[in-house]
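2 protein chains.
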Amino acid sequence: MDFSSFLTSLGTSFVIFVILMLLFTWLSRKPGNTVVYYPNRILKGLDPWEGGSRTRNPFAWVREAVSSSEEDVINMSGVDTAVYFVFLSTVLSILVLYGIILLPVLLPLAATEKRVYVTNSTSEGTFNELDKLSMGHVKEKSPRLWAFLIATYWVSFVTYFLLWKAYKHVSGLRAKALMSPEAKAEQFAVLVRDIPPPPEGQTIKEQVDSYFKSIYPETFYRSMVVTNNKEVNKIYEELEGYKKKLARAEAIYTKSKELGKPEGSRPSMRTGFLGLIGKEVDSIEYFNEKIKELVPKLEAAQKVTLREKQLRSALIFFNSRVAAASASQSLHAQMVDKWTVTEAPEPRQLLWSNLKVKFFERVIRQYVIYIIVALTILFYMIPIGLISALTTLDNLKKFLPFLKPIINIDAIKIVLEAYLPQIALIVFLALLPKLLLFLSKAEGIPSVSHAVRATSGKYFYFTVLNVFLGVTIGGTLFRTFKKIQKDPNSLVDLLGNGLPGNATFFLTFVALKFFVGYGLELSRLVPLIIYHLKRKYLCKTEAELKEAWAPGDFGYATRVPGDMLIITIVLCYSVIAPLIIPFGVVYFGLGWLVLRNQALKVFVPSFESYGKMWPHMHTRILASLLLFQITMLGFFGLKKFYYTPFLIPLPIISLIFVYVCWKKFYRSFHNTPLEVACHELKEVPNMEQIFRSFIPPSLNSEKADDEQFEDALSQVSRMGSFA
Amino acid sequence: MDFSSFLTSLGTSFVIFVILMLLFTWLSRKPGNTVVYYPNRILKGLDPWEGGSRTRNPFAWVREAVSSSEEDVINMSGVDTAVYFVFLSTVLSILVLYGIILLPVLLPLAATEKRVYVTNSTSEGTFNELDKLSMGHVKEKSPRLWAFLIATYWVSFVTYFLLWKAYKHVSGLRAKALMSPEAKAEQFAVLVRDIPPPPEGQTIKEQVDSYFKSIYPETFYRSMVVTNNKEVNKIYEELEGYKKKLARAEAIYTKSKELGKPEGSRPSMRTGFLGLIGKEVDSIEYFNEKIKELVPKLEAAQKVTLREKQLRSALIFFNSRVAAASASQSLHAQMVDKWTVTEAPEPRQLLWSNLKVKFFERVIRQYVIYIIVALTILFYMIPIGLISALTTLDNLKKFLPFLKPIINIDAIKIVLEAYLPQIALIVFLALLPKLLLFLSKAEGIPSVSHAVRATSGKYFYFTVLNVFLGVTIGGTLFRTFKKIQKDPNSLVDLLGNGLPGNATFFLTFVALKFFVGYGLELSRLVPLIIYHLKRKYLCKTEAELKEAWAPGDFGYATRVPGDMLIITIVLCYSVIAPLIIPFGVVYFGLGWLVLRNQALKVFVPSFESYGKMWPHMHTRILASLLLFQITMLGFFGLKKFYYTPFLIPLPIISLIFVYVCWKKFYRSFHNTPLEVACHELKEVPNMEQIFRSFIPPSLNSEKADDEQFEDALSQVSRMGSFA
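For the record, the sequence lines run as chains A and B. If you read the first sequence in UniProt numbering, its first letter stands for residue 1, the second for the next number, and so on. If you read the second sequence in UniProt numbering, its first letter stands for residue 1, the second for the next number, and so on.
Next comes chain A alone, as it looks inside the complex:
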């Protein structure tokens, strides 16, 4: 790719972004679109345009985003979102600090190096204007390499310093949220799994109650045995479906009264397959009948489930936060694979069907899935390598000669050259996350947030290995194929050789991601169109409409690995081709602004894990740093720089840093520290309400009496606390 096609790519991306931003300014001012652009505010019961949002100034949202405080983010979107912003701003400051030193020092050093003869045979003929600004342009054994070596140290230590500060800050955020005086249901509960078979003549519920009453005579409140809800869920969903359909039929009937005849036309339907065949009936009557039929059926199924389908897992409720926090960290049974107790996740993020998975089954599932994921990563490596090699224009012409006439048109040529490989890559990557989330859930993880973290981790390794290493090695392999055949090089050499040549590919990739990606994010064009289509042709009732504009959450499972890929790319190229740093700064700066807007106004988080995502992100940034350090070792070696061994301490320091952070901070992200849990509550917690919040909707009786919960959901303890 030459310089002009690079500028074209950058230019068109920027134009698209400006257009999308103007569209956003125009569209978000229309009252009919508030539910698309301000759903979070609306759901929180706030005025969407409070604070003068409705101006014609296309940068008004920027001002609002910048002026919002961390407190605002936590109030509007929770701790997890605030932690994500700590991540964004930390990376942003890391990159800014890189740039301040590296750009003014390294770029002139590289550009002013006089090369009479290109000695590096692998990059022969591929050098262009951009490559002159990179370390690849510096001669072998040149004393100028000292500056690059010191830059490597600067990059490492800036990263350590800011990550340490960020970890402390996040740790404080988490503690503050956990010690909040508001009672949160999950802070009073623990999850027990691997309950041994109950003794003869006892139900699991009785066994659980007597076990925990004997250990916690004063703080045990009540237990809720997990049941196999498959059947009751089926009936419940059927019932809910009929209720929705009834509401829809009634809405149609009401509307027909308004529009046509004053007595209205009652909607009718056929009862057979897809409403196409069978007897024609009055819809409203039919659905009412069905509901009347199902309600007692549901009640009966609930009773049966609660009594007879108890599983070997339970939620235990305590009447104080300290008791629950302490219980979740203590070993209860002599055999570690029995009565395993962990912190209870929020009710909304419990993965009920995973709770019954046994101790060693979880371990086995985990390893099996690791193997599957490893195979997936290796399997995907092949097509991505091919894509990277094939989708350069020259290769296209070579392998698909019939395309030649089209490609030779200048305009098409430039656009294709600029975007083809990147688009191929992005499309390719969109296929995987669902598979990884499914696999993560199959590990037997009990909460959604944990599954999301597990997915994010898998996806990170996937993207780094495949996209970054795949493109680099794939591209290099193709270019240096003949050379390799003669003398197969090691991976480190390959990396060192491949990196400079692929710098412009990644520059364009980053630019595409931030301009087009964040432009689409901000303008919400796709959700807007879908919403308007649904509103016009599908939705009849308020509930359906609300479902149509439900904004979704941040989607950390893919968002975080996406950001991580950018960090890895920018980090690894930071010293080799410092020109990438400004691109990284724009990516994270723009990302911060756009997502701040989305966090305050659009996305509604679907769970709260109190920042448990942070250690995950922290470790992966450091993994990228380690990759960078090892790459630099290889690259300096290739430059035949005598003082390359001076870099050897860096990976060791990184590993020590990871270890120290892990030792100092990690456990308080895994467990709730007691000094945090012991903070006073605003008022005595309503234990009944806390208990009820964990009852799955399909088991939640409308009568709200305790009688039918007697079975799997145990009674209030009559001892101690409330005596």
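Hints are not guaranteed to be accurate.
One copy or two, either will do: identical chains are not told apart, so a pair holds if it fits within one copy or between any two.
[What the hints assert, rightly or not] Here are the computed lysine-lysine pairs in the BS3-like style, where the Cα-Cα straight-line distance is at most 27 Å:
hint	residue 1	residue 2
1	168	44
2	244	279
3	279	245
4	279	139
Hints are computed from structural coordinates only; laboratory data are not their basis.
Model the placement of chain B on the given structure of chain A, informed by the hints.
Then chain B, alone, in the frame of chain A:
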């Protein structure tokens, strides 16, 4: 070594053992020796000869040992000793099961192999009668190797099965001891380290009290801040020294009255250096004066220590076992390196000076010491290798030709050949444990039992690496030196080559250890002689006499690695030279008998860790098994057996077995499970007594009032529990 010298070695060892056993029978019947042969019974206040021990039957002790139950051992010597016997009996049954299959099958298979020509060049000329019974005698690619391969599987699975059973059994023993209805002081306390600096105007004690009162308003009883006792200990020891000397002087005076003049002769002494120079004074008066001087000085020092020398560490007492067990497992502070809480060890095994060591300092110390130990192991490797190579008689003659005339005398030759290398080895090994114990304590470990386990672990790796591998590789290197020079082999090949040649060396080593070692152990000749010498020439008072016969404890730090070395040797040779199995059986059988006697009558354990040694032993047996499996892989490879890859699953199964055991059992050895801690006590615990049992003797005031403990040792909490 030829067959006759082997038999000589065995024979003399056996004769020594018989003599020692007869000596034991004779000596232990003398009333004057009861304190040497029955100290544990005497200290427990039991009649030494209860149950007819005083017979002339030299096997009476065997009958008693066999008829004693595990319960008896726990009562007389604690859970740790009982666990040690589980270890001995498990290994014994493992070896018996090996022998039942391996001996009748493999020995004939090896012996009946017809070898016209010795193909294995490395063992050329070293084959003798014993070697014919080993796998080394089987021809390459022989189908008979199938039997040896299946034997390898048998050995592995017997080990897994019996270890699993033993782990379950020990886990039960531990739980039973921990749930005992007797209140044990350490079960009510936790150890807090890494207390952050107290806020302005607060003492550490106030800070600790308010911190734990706020977390445990109902179960917190009292705290005891650790102080820097260096100065007070010095005064206390001085005082105790004078008290002892006074008692001694008084005893001499009393005796002189009985013997000589009725008014007696008052002992006198000089006050100067070593009592040799200076003014002559009356001893009794002088010591009394000194004591009178020191008592107020001690009290003043105690007050200063308690008030001003508080360290950032404390013991926290709870009024229930569950509360303490739960607290010791919970994270208290948001920063994991602050307020770290662990289970409190027994008062008698607290290493006070280690309690102040900070979190990351402990980590650093640990790694530094690992490096030192690794260097020690490597450093010792060289001399041991030399010893093994040099102390064969032929080499002695070669290198020290002036010894030739002595060595050529037949009797001396046989004895030297039989014992020289083994004695050199045993002496060499006796030098190390003290160094390793010192290093382990320097890690910052808070309890003696933990330091002993750490020492035992280090010593195990040392013995296995140096003795076993060192002798094997050293011996082989020497023999095949020229071959190696041409073609340096890998370690596995070396092992495979070296093992058969060294089998007889280890046979003699094991025999020496059990006959002479256990003979000396049983007869207690050395302690007996020392005791009688001391009684006659040194001891004047009852206290001094009691000190002279103090029996000591089992000394697990060296005993367990010693046993482990035998296990490693027997395991590794079990299939290659099955003749070693009976030797192993005798070692552990005899060991069980002799030590059972010592446990019931002699040794007094110096600590109780409720079987925490077991996971340590379990893992190391499996490490030996893994070494065995890898050795077999190499050995079958050398035999050019096509089906060698059938052995590859074994090391993997071993690792899975280690992992599963660790997951299922380990945590309940590290922490006290709550279901165990919640068992009812016989009576309400005397908290004051529990608290007082932790006060170090130098701080223990004789006045027994609370006033002076107000400072570092906090007052009884006035809240909750006792209200």
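> Checked against the structure, which of the hints given earlier come out wrong?
Replying inline: 1 and 4
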